[in-house]
Amino acid sequence: MHSSPETGTAVPRSPMAAPRSFVWSRRIFLTLLTAFVLLPVYVMVSSSLKPLEDVSSEFRWMPSGLTIRPYFDIWETVPLAKYFVNSLIVAGAATVCSVIIAIFAAYAVSRYRFRGKRLFTVSVLSTQMFPGILFLLPLFLIFVNIGNTTGVALFGSRGGLILTYLTFSLPFSIWMLIGYFDSVPRELDEAALVDGCGPLKALFRVVVPAAIPGIVAVAVYAFMTAWGEVLFASVMTNDTTRTLAVGLQGYSTQNDVYWNQIMAASLVVSVPVVAGFLLLQRYLVTGLTAGAVK
Amino acid sequence: MNTTAVPATGEPAVRKNSPGAARGTRRPGRARRTALPYLLLLPALLLEILIHLLPIVIGVAMSFKELTQFYLRDWGAAPWRGLDNFRFAVDFDTPAGESLLKSFTTTCLFTVLSVGLCWLLGTAAAVFMQETFKGRGFLRALFLVPYALPVYAAVITWSFMFQRDNGLINHVLHDQLGLTDSPSFWLIGDNSFWALLIVSVWKGWPFAFLIIMAGLQNIPKELYEAGALDGAGMWQQIRKITLPSLRSVNQVLVLVLFLWTFNDFNTPFVLFGKSAPEAADLISIHIYQSSFATWNFGAGAAMSVLLLLFLLLVTGVHLFFTSRGRKATDA
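Line order of the protein sequences matches chains A and B. Start counting the first sequence at 1; every next residue gets the next number (this note's numbering). Start counting the second sequence at 1001; every next residue gets the next number (this note's numbering).
Certain hints may be false.
[To be verified] Pair ranges (Cβ atoms, derived):
1. S1275/B to E187/A: 56 to 64 Å
2. R27/A to Q1236/B: 16 to 24 Å
3. F72/A to L1319/B: 53 to 61 Å
4. V1090/B to V271/A: 42 to 50 Å
5. T31/A to R1087/B: 51 to 59 Å
6. W24/A to G1273/B: 38 to 46 Å
7. A210/A to V1090/B: 49 to 57 Å
8. V1060/B to G159/A: 37 to 45 Å
9. R60/A to F1321/B: 29 to 37 Å
10. L1309/B to R27/A: 45 to 53 Å
11. E187/A to C1108/B: 46 to 54 Å
12. F1321/B to S252/A: 40 to 48 Å
[To be verified] Computed list of chain B residues with no C-beta within reach of chain A, every gap over 12 Å:
13. R1087
14. V1090
15. D1093
16. C1108
17. L1109
18. L1113
19. W1119
20. A1124
21. N1191
22. M1213
23. N1263
24. F1320
25. F1321
Hints were generated in silico from the structure; no laboratory data involved. We put the beta carbon where it would ideally sit given N, CA and C, even for glycine.
Okay, chain A solo, but in the shape it has when bound:
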């Protein structure tokens, strides 16, 4: 069963009113959980508005004086703008490629019967199991060797990172889109085929528009994966291609840790993803439901 896009509405558990014990447990539990979730967010926001003395000495809940200086300093202390652009390019390109490739693959699995279909889906999903550390050195060697033999510089370049990230998000994206495409009635694209559309035209004119929520969900997931990855970013980038994941470590020098600037920078790099995620979370929940419930 696939949920409707109306994921926001609740499924009422029972016609009767909730008993007091339930309401009180809910209040207490959700209050504590909210505090747990919000604590770091509060620290991040408040510390980013504190002068350096405040964050270097004993923690204080309230800043001794508010300042927005850290928000100007973060661009000077490290080349944050450059890291930002690098992250945007890498995550953006990885997302676009991952979504397009996943659409093709999911369409094939959802609409065609062919040899090796089960092998494909199982092996793609099983890659989720592999520890990233296992890939790190071999991938490094592959990229260096490709660079030496063909002259295509993958190691240290954005291209190598894009390839890596898009492949990381691909399995889950394909899996989620298969579920979504399956929920699009077959009759729709069959009608388009009868009308003389080629299979690809049917895919992009009929199936893709009908599966927009799933595609948005996959795009959000792919972007978040690429934006937040640390391990490969720290090994496979150099000074010019460094992304935010590594660049943020630049705020601690040997003598000083600019915690207010770190918090300000963390906030700045989080805003695009968190805002995008919260705007699109409805689609993500729907996409997950379609994929997970099969």
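Since chain A is already given, all that's left is putting chain B on it; use the hints.
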């Protein structure tokens, strides 16, 4: 892209015997149709082979070689060493093997606790929020924030909170509540395990929440109505209807959480930097360190392969028992 130009290369990309094939292949008019799915899969397949499959094959090969820094430029020339790397890794009498075993048990304990707590918080929150109440939509968005935040931004904030002299945690525990005699170290020593666990749960539970919320929507309303008719109260409905209905969702969720937590590299790496304290030395960090600190990549590869075998085993056992359980309930 043009569909009419279908090179034959797309065809043999996947070849494995699977039952129920050989349809439509004989009719020449449908030849294009049968090549098309492979062509659609081709980009995904090529990437999976280049970025996932090939590195694993190379990684396994590396684990049988003496791959130290002398051979890094031309790793093919590194001498084969058979099972030496594996023997080195699991020789628990040596410091290297001993620390690997320690790291493995730490990771196991950490994973069990983290997955358990993530699941518990996620389930409780989802069940409590099954029905509408004022502010439900807002809370749901709020709860997803830890999941949406980039790992490094969130974890770096936690590392600030755990600072000994200027962190929030010590300020509350020591200065305000007076629970400790002196400010504790959270990012070194034994406490680091708990620090890592808290961060991991904070970061991980919203995913469980998300999945269980999705799962709850597929419980038929009639079940609750029938339960209410039978006089089951709300707590009883949760215990007798909601939780059992989530079983198949839970099976997938717990497996995914387990694999992600066990392999987690980002959280400890950002929290502790390159050298994790012994108490929080998760296996991924341990392999990373022992590869790059000693430049003995062969041994690192052997540890990775052992890790993969362990994960395969756990996944296999999990799938065996869950699918058997499913059959038993179907019958």
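We went through each hint and held it up to the structure:
In this structure the hint that S1275/B and E187/A lie 56 to 64 Å apart at CB holds, the actual value being about 60 Å. Range check, R27/A to Q1236/B: about 20 Å between beta-carbon atoms, so the 16 to 24 Å window is met. Separated by about 54 Å at the C-beta atoms, F72/A and L1319/B satisfy the suggested range of 53 to 61 Å. At about 47 Å, the beta-carbon gap between V1090/B and V271/A stays in the expected band of 42 to 50 Å.
Look at T31/A against R1087/B: about 54 Å separates their beta carbons, and that is inside 51 to 59 Å. Between W24/A and G1273/B the beta carbons are some 43 Å apart, a value that agrees with the proposed interval 38 to 46 Å. Here the CB-CB span from A210/A to V1090/B is close to 53 Å, well matched to the stated 49 to 57 Å. For the pair V1060/B and G159/A, the beta carbons lie near 26 Å from each other, so the given range of 37 to 45 Å is not met.
A beta carbon spacing of about 52 Å between R60/A and F1321/B contradicts the range 29 to 37 Å that was offered as a hint. Checked against the hint of 45 to 53 Å, the pair L1309/B and R27/A passes, with Cβ atoms roughly 47 Å apart. Roughly 50 Å separates the CB atoms of E187/A and C1108/B, a value that falls within the hinted 46 to 54 Å. At roughly 47 Å, the beta carbons of F1321/B and S252/A sit within the given window of 40 to 48 Å.
Even its closest Cβ contact with chain A, about 20 Å, leaves R1087/B beyond 12 Å, as expected for a residue assigned away from the interface. No Cβ of chain A comes within 12 Å of the Cβ of V1090/B; the nearest lies about 17 Å off, and the non-interface call holds. For D1093/B, the shortest C-beta to C-beta distance to chain A comes to about 25 Å, beyond the 12 Å cut-off, and the non-interface label holds. With a closest Cβ-Cβ approach of about 14 Å to chain A, C1108/B is found to remain outside the 12 Å limit, as its non-interface label requires.
Every CB of chain A is more than 12 Å from the CB of L1109/B (nearest about 18 Å), matching its label as outside the interface. Interface exclusion of L1113/B from chain A stands, the closest Cβ pair being 16 Å apart, more than 12 Å. Every CB of chain A lies more than 12 Å from the CB of W1119/B, the least distance being 14 Å, so the non-interface label holds. Not every C-beta of chain A lies more than 12 Å from that of A1124/B, the closest at about 6 Å, which undercuts listing it as non-interface.
With a least beta-carbon separation of about 17 Å from chain A, N1191/B lies farther than 12 Å from that chain, consistent with its non-interface assignment. Here M1213/B does not stay apart from chain A, with its beta-carbon only about 7 Å from theirs, under the 12 Å limit. Against the 12 Å criterion, N1263/B falls within the reach of chain A, whose nearest CB is about 4 Å from its own CB. F1320/B, annotated as away from the interface, keeps every beta carbon of chain A farther than 12 Å; the closest lies near 15 Å.
Distance check on F1321/B: its Cβ is at least 17 Å (rounded) from any Cβ of chain A, clearing the 12 Å threshold; non-interface status holds.
Consistency note: the structure conflicts with the earlier hints numbered 8, 9, 20, 22, 23.
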